[in-house]
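K.L.:
In case you want the letters, here they are:
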Amino acid sequence: MSTKTNSGNFFEDFRIGQEIRHATPRTVTEGDIALYTALYGPRFAFNSSAEFARNMGLESAPLDDLAAFHVAFGKTVPDVSLNAVANLGYAGGRFGVPVFPGDTISTASTVIGLKENSNKQTGVVYVRSIGTNQRAEMVVDYVRWVMVRKRDVEAVVPEQKVPELPGSVAASDLVIPAGLTTAGYDVIAAGSPYLWDDYQVGEKIDHVDGTTIEEAEHMMATRLWQNTAKVHFNQHTEGQGRFGRRLIYGGHIISIARALSFNGLANAFKVVAINGGRHVNPTFAGDTIYAWSEVLEKLDIPGRTDVGALRLRLVALKNQPAAGFTLKGEDGKDDPAVVLDFDYTVLMARKG
Amino acid sequence: MSTKTNSGNFFEDFRIGQEIRHATPRTVTEGDIALYTALYGPRFAFNSSAEFARNMGLESAPLDDLAAFHVAFGKTVPDVSLNAVANLGYAGGRFGVPVFPGDTISTASTVIGLKENSNKQTGVVYVRSIGTNQRAEMVVDYVRWVMVRKRDVEAVVPEQKVPELPGSVAASDLVIPAGLTTAGYDVIAAGSPYLWDDYQVGEKIDHVDGTTIEEAEHMMATRLWQNTAKVHFNQHTEGQGRFGRRLIYGGHIISIARALSFNGLANAFKVVAINGGRHVNPTFAGDTIYAWSEVLEKLDIPGRTDVGALRLRLVALKNQPAAGFTLKGEDGKDDPAVVLDFDYTVLMARKG
Amino acid sequence: MSTKTNSGNFFEDFRIGQEIRHATPRTVTEGDIALYTALYGPRFAFNSSAEFARNMGLESAPLDDLAAFHVAFGKTVPDVSLNAVANLGYAGGRFGVPVFPGDTISTASTVIGLKENSNKQTGVVYVRSIGTNQRAEMVVDYVRWVMVRKRDVEAVVPEQKVPELPGSVAASDLVIPAGLTTAGYDVIAAGSPYLWDDYQVGEKIDHVDGTTIEEAEHMMATRLWQNTAKVHFNQHTEGQGRFGRRLIYGGHIISIARALSFNGLANAFKVVAINGGRHVNPTFAGDTIYAWSEVLEKLDIPGRTDVGALRLRLVALKNQPAAGFTLKGEDGKDDPAVVLDFDYTVLMARKG
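Protein chains in written order, with the UniProt record's numbering: chain A, 1 to 352; chain B, 1 to 352; chain C, 1 to 352.
Take these hints with a grain of salt, some might be off.
Since copy identity is lost for identical chains, a pair holds within one copy or between any two.
With a straight-line cut-off of 27 Å between C-alpha atoms, the simulated BS3-like cross-links for lysine-lysine are [as the list claims (entries may be wrong)]:
no., residue 1, residue 2
1, K351, K4
2, K328, K351
3, K204, K115
4, K204, K161
5, K120, K328
6, K4, K115
7, K328, K161
8, K150, K298
9, K4, K161
10, K4, K328
11, K298, K120
12, K230, K204
13, K328, K150
14, K230, K120
FYI, nobody ran anything at the bench for these hints, they're computed from the structure.
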């Protein structure tokens with residue numbers, strides 16, 4: 001039998017400091033933007049309209065930042081998480097130069113932490129992954145950690161360490177697109193009169209709408225990002241697995257929740273950081289996703305009075321409206337309806 | 001709680017003469033054309049082939065006219081019909097300049113009529129909506145009326161009137177694409193030998209084929225147009241609603257029926273007017289759509305002997321073949337299988 | 001009633017030597033590439049990355065060869081197989097110039113064989129179909145044969161013959177893209193270290209992964225290729241038909257299997273021939289497709305030491321992993337799990 005197939009890395013295959021250049025560079029196009037629109041229904045004018053984006057100083061409408069994230073992330077799966085049990089978290093994510101149709105994204109990762117679990121069956125792998133464009137400019141740079149199976153319970157992993165994870169990304173580390181201006185910012189076209197100045201720390205926003213997930217949608221999305229994690233695609237095996245169903249890619253939920261958040265955060269035109277995030281519970285086809293946000297922090301951008309940043313908590317719920325801002329139960333544990341607890345930072349125009 | 005979300009306008013929020021510039025300008029691309037093809041399977045060579053379109057005097061293959069309509073329509077939903085009970089009808093629709101990949105569509109509406117219903121719970125809102133491209137050229141201009149809930153049954157709407165609705169669009173008001181020629185019109189590539197001269201008023205055409213709708217398809221389509229009407233997306237609430245299911249966007253049915261109509265009307269290369277139309281009955285995932293057409297009128301285009309117009313009735317049925325040309329029951333009421341009764345005008349090449 | 005609809009050709013409508021220019025030329029775009037990615041999840045860097053393709057001497061990333069095949073094939077359906085009972089086989093398929101976004105594909109066919117079945121209800125039609133681009137360059141050239149219903153059992157078909165079918169395409173007949181170079185071939189980006197030299201005749205590869213098919217996916221794919229075969233789209237009639245369900249377009253299975261084959265054949269960057277193929281059993285939504293390959297032949301390309309060809313058997317199974325390399329039962333008949341037995345030829349870089 002051929003041994004030419006990739007069975008993915010197991011926990012004991014990783015080494016601290018290991019660098020992995022991932023396969024399958026991907027040229028993104030207007031086709032990806034159209035599919036992103038069809039799959040999530042985003043309405044941010046910055047991504048929807050080339051005219052709006054040019055009016056803000058860009059050459060054209062960039063790809064949605066989360067689409068760039070998914071493309072960069074997808075490349076890491078065959079090397080990092082093909083044998084994953086769970087995608088545990090994100091930290092220190094920064095978005096770099098905007099991605100335009102025609103750009104080609106590649107991803108490379110460095111293993112920054114390894115910690116075997118006490119059952120010796122699995123361990124946690126921490127990787128820092130950097131997506132770059134064809135000019136080697138950083139597109140997205142983030143840390144994620146993931147629980148990976150061991151091939152051999154007896155295998156010994158020589159060096160282990162839990163890395164110090166970055167906290168939220170500081171305002172001075174945020175990358176503002178070159179040439180960005182809000183001088184002619186059109187709040188009518190953007191869909192809301194509420195600008196950076198109008199939001200308060202602690203403010204919570206129920207994004208009201210809900211959207212039901214279909215199998216065909218999440219699989220098309222996940223394939224679009226060339227994410228190969230088996231659990232999303234194979235009902236024949238998953239039907240006999242722990243959930244009896246195909247599991248939905250966590251990034252699909254992030255994109256759904258971000259699209260829902262337009263209703264209340266229409267002027268949050270660009271994601272600039274992923275400070276942290278957890279996929280709290282699994283989701284399946286048929287689930288209806290709702291979302292709410294909380295303003296965690298208001299950040300001044302050094303040298304800019306026209307644009308500010310909001311650090312937001314974005315929480316997605318399944319099969320439960322978000323008006324109650326559900327998060328933890330009385331026991332302090334995650335509420336079973338919570339599927340995503342995501343900490344990210346957006347740019348928003350300030351009042352003149 | 002934040003009040004920054006859009007809960008949409010209720011009947012009493014509208015005023016006669018009110019002008020609304022809608023949010024979310026949208027740059028359409030080749031990605032939208034590909035998705036339109038995947039969702040509906042249109043075969044009109046004018047939209048399918050850049051070579052065919054150039055041979056007809058255009059710069060490239062334009063976006064399907066109905067796709068342009070859906071984009072322009074979608075923008076109106078958050079302001080006009082978020083609290084709609086029913087989308088009642090269309091009138092006086094004209095298509096303007098063709099839309100090409102790279103064009104950015106914006107929509108503005110004027111409230112031209114308001115009529116409260118006797119139950120005081122709802123009222124009918126009449127709007128004229130105009131979609132324009134980035135050069136402020138008219139792309140589509142149409143009237144629709146929609147039954148909208150009142151927020152407060154006691155609210156009084158000061159000025160009410162039912163507008164005089166335009167009848168069918170006159171031949172002299174139809175917009176013919178600049179430079180259009182049928183000199184080298186290729187009936188083989190177009191898929192049918194039957195030209196304008198071959199059709200007779202009163203002729204009925206069974207379009208034979210049927211297509212079954214899936215949830216993932218109609219939701220992807222509706223999101224592609226950034227149409228935010230809740231009833232299409234949320235099974236969690238619709239499951240408890242009047243139908244127990246997600247309702248399909250009426251425009252999805254128009255596009256399905258138009259694509260089916262290729263078989264019998266292959267040379268109807270361009271939609272130039274929507275004279276009227278009603279979504280007669282709701283449709284749901286799992287329904288199979290069939291269609292038939294009737295030639296209502298043959299129009300000469302002033303100054304053109306190479307191209308004429310056909311005014312057509314396009315009727316879509318669910319779960320019933322169209323060979324019987326079903327429309328009304330013996331009681332004169334709409335047959336329950338009829339889901340669309342659409343009156344529109346197309347261009348077709350004439351014999352030399 | 002109108003007679004302007006196309007009811008397709010029946011067996012007795014064909015004549016040996018008949019030439020058919022098919023309707024609906026189609027300009028392919030980046031939108032089609034994105035949809036192909038979303039529908040199948042291919043990871044071949046040659047199609048995924050414009051940079052990778054340019055590094056190999058092409059102007060940009062070409063459309064996946066099978067997508068070009070599906071587009072060319074789709075055009076033949078309304079004329080050749082609208083009244084087909086079964087799509088029996090392929091032979092002698094060669095791919096010509098690569099297809100890039102913006103190219104317009106047209107297809108013409110010649111009837112090369114006719115053989116009535118003894119029941120006089122059906123007959124086999126053999127056609128050679130050639131897809132060309134807007135410069136009349138050959139894109140794909142293949143023979144298929146299909147069992148077609150007779151309209152009238154009594155009809156007599158004057159000339160009948162079973163054509164001599166081409167065997168596998170010889171190395172000297174394979175079309176190598178102009179300017180192709182593997183000088184800077186990047187095996188890391190391509191996703192596998194195994195090059196042409198590493199494969200042995202007789203080697204079998206289990207492609208490991210499986211993917212479950214959804215109705216919305218196969219219908220979107222089939223419409224994308226403007227393939228109008230009724231059995232794929234109409235649950236209302238198919239529900240009462242021989243399978244009780246919509247049948248999946250055989251080409252959909254070929255594309256799924258080819259995408260799965262990346263895991264083990266990542267450097268098989270281009271399909272250059274379809275030597276033969278049979279859709280062994282039907283597939284339906286809900287089926288999970290697995291695939292395995294066997295190396296049938298290693299071909300030297302005349303005049304090239306940097307690139308070779310592999311003739312491969314690609315077998316797709318439903319609802320059964322491919323580790324057992326299932327093909328025939330002990331009785332020598334096709335195993336009921338086998339859905340595709342496909343003989344094709346790919347290019348692969350050779351070791352320097």
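K.L.:
So, for every hint listed, does it hold in this structure?
P.N.:
Hints, one by one, checked against the model:
1. K351 with K4: between (59 Å within a copy, 16 Å between copies)
2. K328 with K351: Cα proximity of K328 and K351: none, with 35 Å in one copy and 58 Å across.
3. K204 with K115: Neither, since 36 Å and 37 Å both go past 27 Å.
4. K204 with K161: Cα proximity of K204 and K161: none, with 37 Å in one copy and 41 Å across.
5. K120 with K328: For K120 and K328, the Cα distance exceeds 27 Å both inside one copy (30 Å) and across copies (42 Å).
6. K4 with K115: Answer is neither; intra-copy 29 Å and inter-copy 44 Å both fail.
7. K328 with K161: neither (30 Å within a copy, 52 Å between copies)
8. K150 with K298: For K150 and K298, the Cα distance exceeds 27 Å both inside one copy (43 Å) and across copies (37 Å).
9. K4 with K161: For K4 and K161, the Cα distance exceeds 27 Å both inside one copy (32 Å) and across copies (45 Å).
10. K4 with K328: Only across copies: K4 and K328 sit 24 Å apart there, 46 Å inside one copy, limit 27 Å.
11. K298 with K120: Classified as neither; 43 Å inside a copy, 45 Å across copies.
12. K230 with K204: between (36 Å within a copy, 22 Å between copies)
13. K328 with K150: For K328 and K150, neither the intra-copy (32 Å) nor the inter-copy (36 Å) Cα distance is at most 27 Å.
14. K230 with K120: within (23 Å within a copy, 48 Å between copies)
Hints 2, 3, 4, 5, 6, 7, 8, 9, 11, 13 from the list above are not met by this structure, while the remaining hints are.
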